[in-house]
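Asker: For the protein sequence lines, the chains are A and B, in the order given.
Each step along the first sequence adds one to the number in numbering that gives the first Met the number 0, with nothing skipped, and position 57 is 56.
Each step along the second sequence adds one to the number in numbering that gives the first Met the number 0, with nothing skipped, and position 81 is 80.
These are computed hints drawn from the structure, not numbers from a lab.
Honestly, I wouldn't trust all of these hints.
[Stated by the list, open to error] Calculated lysine to any residue pairs in the SDA-like style (CA-CA distance at most 20 Å, straight line):
(1) B:73 to A:205
(2) A:190 to A:70
(3) B:8 to A:191
(4) A:320 to A:389
(5) A:320 to A:369
(6) B:8 to A:196
(7) A:47 to A:65
(8) B:8 to A:227
(9) B:8 to A:210
The structure displayed is predicted, hence computed values, not measured ones.
Listed here are the chains, written in short residue letters.
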Amino acid sequence: MHIIENGNTAAALGVKLCRASVIAAYPITPQTPLTEKLSEYVERGDMKAEYIPVESEHSALAVCIAASSAGARVFTATSANGLLYMHEQVQWASGARLPIVMCVVNRAVGAPWNIWNDQQDSISQRDTGWIQIYCADHQQIIDAVIKAYWIAEKVSIPIMVCYDGYILSHTFMPFDLPDQKTVDAFLPPFKPDYALRPEEPANLNTVTLPDVRLDVRGELAHSYMEIRYLLQEELRTTLDVAADAEKRFAEIFGRQSDPFIESYRCDDADCVALGLGSLTYQLRVSVDALRKEGIKVGVMGLRFYRPFPDEAIAGALKGKKSVVVFEKALSYGYEGALTSDLKSALYEHLAGTGTLPSIQNFIAGIGGRDIRTDDLTKMFRAATHGRVSKEPLWIGLKL
Amino acid sequence: MGTRNYRRKTSHSEHGPGDGGRTGSWRVERPVLDQSLCIPCKRNKEACFICWLFCPEIVISRTIPPRVDLEYCKGCGICAEECPTKAITMVDEAKFSEEDKE
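All chains, full assembly: derive it from the sequences and hints.
Answerer: Pasting the structure below:
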């Protein structure tokens, strides 16, 4: 059934269809309507779930960690400083290998206070061992939530489903709302490998010594290093699991897309723009404008940022003359994090082949600064022949 | 042999001694029981067991007399502190090392 709703509602409907049984969240703009919607579903009895109000984001994720450890399918959501306040528990959730799904409604982080959209919040959580998915429209939001539970539960690694604050969270758009039967066919009930039970008391994620040790049963148990290695190893194999999820989703829902990269007019393009989230859809307008001028350009939206699909990206960009990376966040002191990751992937897969494209980094929309399509087109055009600046250029800066 | 086939992906411990390794090697003082002062020993009845109750490492048995598992006792001295009849004394471990040598 096609409906017209806002992005936060798309996420909430996805969570409801996935039958999450414990929800704990603390409201923060622009995530608030998402959690309000979920509390409505629970209050009305449309959703059989515990909605646990908490006093902070740190507690919200702590509740999810506890509930997930006991075998519940859990959900939380946050934005910006809420996510930063969670940071300790964010690391804990991945180290504890809990398949938590969390929506991050992207917003600028303070200081100074700013409630508008950029992606500094989730990008700054890049190295926490979570899977990160970025959405470009409402269909992708609801679909990503559904796929996220399947992937997370397959690999026992938590997932952030990220979408742009206001631009997606508060705008209305038509999307297909799947029925419960279809979602149930895709996503079986959560059966954890291990769940804490009162009959079998245990300490979870207990202190590890620098070296491995024998456990109470006399078996050689992992230490910190082995546990962290397994997280890294299984994050890398999550790329295969994500491809399986996409295949399974297509079979059951009849909607198919590339699991990692959403390409627009890239096949014969010499120059390709790359980005995360809704900005890549705005860039399609620039692509169309530049194509009219006879400039062969295209745009790629990256759907998975962690684990980083390096091989897919390098494969997709092989033979391109230039890549222009538009980012709504940066690794302060250097450049956009995606730009650095892209350079690393290209070096790994294309170095020595003589096909390394030039790379230009643009920073846009920081703190919700309006991104004018004309400006995007102008900057994109300027970079089609190669790099114009070593340092990232800030679009729309009024300094 | 590594931990590749260990049954979990995380750190996990169950109720039982030895979960933190052979922690008895950390001990610098050893609890020694004077049975003439110990309530269950004196009465030959299940009684008191404050030492068993308070031991954070669960290495004191609920038996007559209470026994300390020295493989895992860290020598924290909580049992000696809590014993209502002062039946437990913490004795310098060096003294026992001398005995072991003999």
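Asker: Work down the list of hints and note, for each, if the structure agrees.
Answerer: Outcome of the hint check:
1. Distance check on the hinted pair: residue 73 of chain B and residue 205 of chain A sit about 18 Å apart at the alpha-carbon level, within 20 Å; holds.
2. For the given pair, residue 190 of chain A sits about 7 Å from residue 70 of chain A by alpha-carbon distance, which is consistent with the 20 Å threshold.
3. A distance of roughly 12 Å separates the Cα atoms of residue 8 of chain B and residue 191 of chain A; the hinted pair therefore holds under the 20 Å criterion.
4. With a C-alpha separation of about 17 Å, the suggested pairing of residue 320 of chain A with residue 389 of chain A holds against the 20 Å cut-off.
5. Taking the CA atoms of residue 320 of chain A and residue 369 of chain A, the gap is about 29 Å. The hint is violated against a cut of 20 Å.
6. For the hint pairing residue 8 of chain B with residue 196 of chain A, the CA-to-CA distance comes to about 18 Å; that is within 20 Å, so the pair holds.
7. Among the hinted pairs, residue 47 of chain A with residue 65 of chain A is consistent with the structure: their alpha-carbon atoms are about 18 Å apart, no more than 20 Å.
8. Restraint check: the Cα-Cα separation between residue 8 of chain B and residue 227 of chain A comes to about 9 Å, which is no more than 20 Å; the hinted pair holds.
9. Proximity of residue 8 of chain B to residue 210 of chain A is assessed by CA-CA distance (about 16 Å); at most 20 Å being required, the pair is judged to hold.
Hint compliance for this structure: hint 5 is the single one not met.
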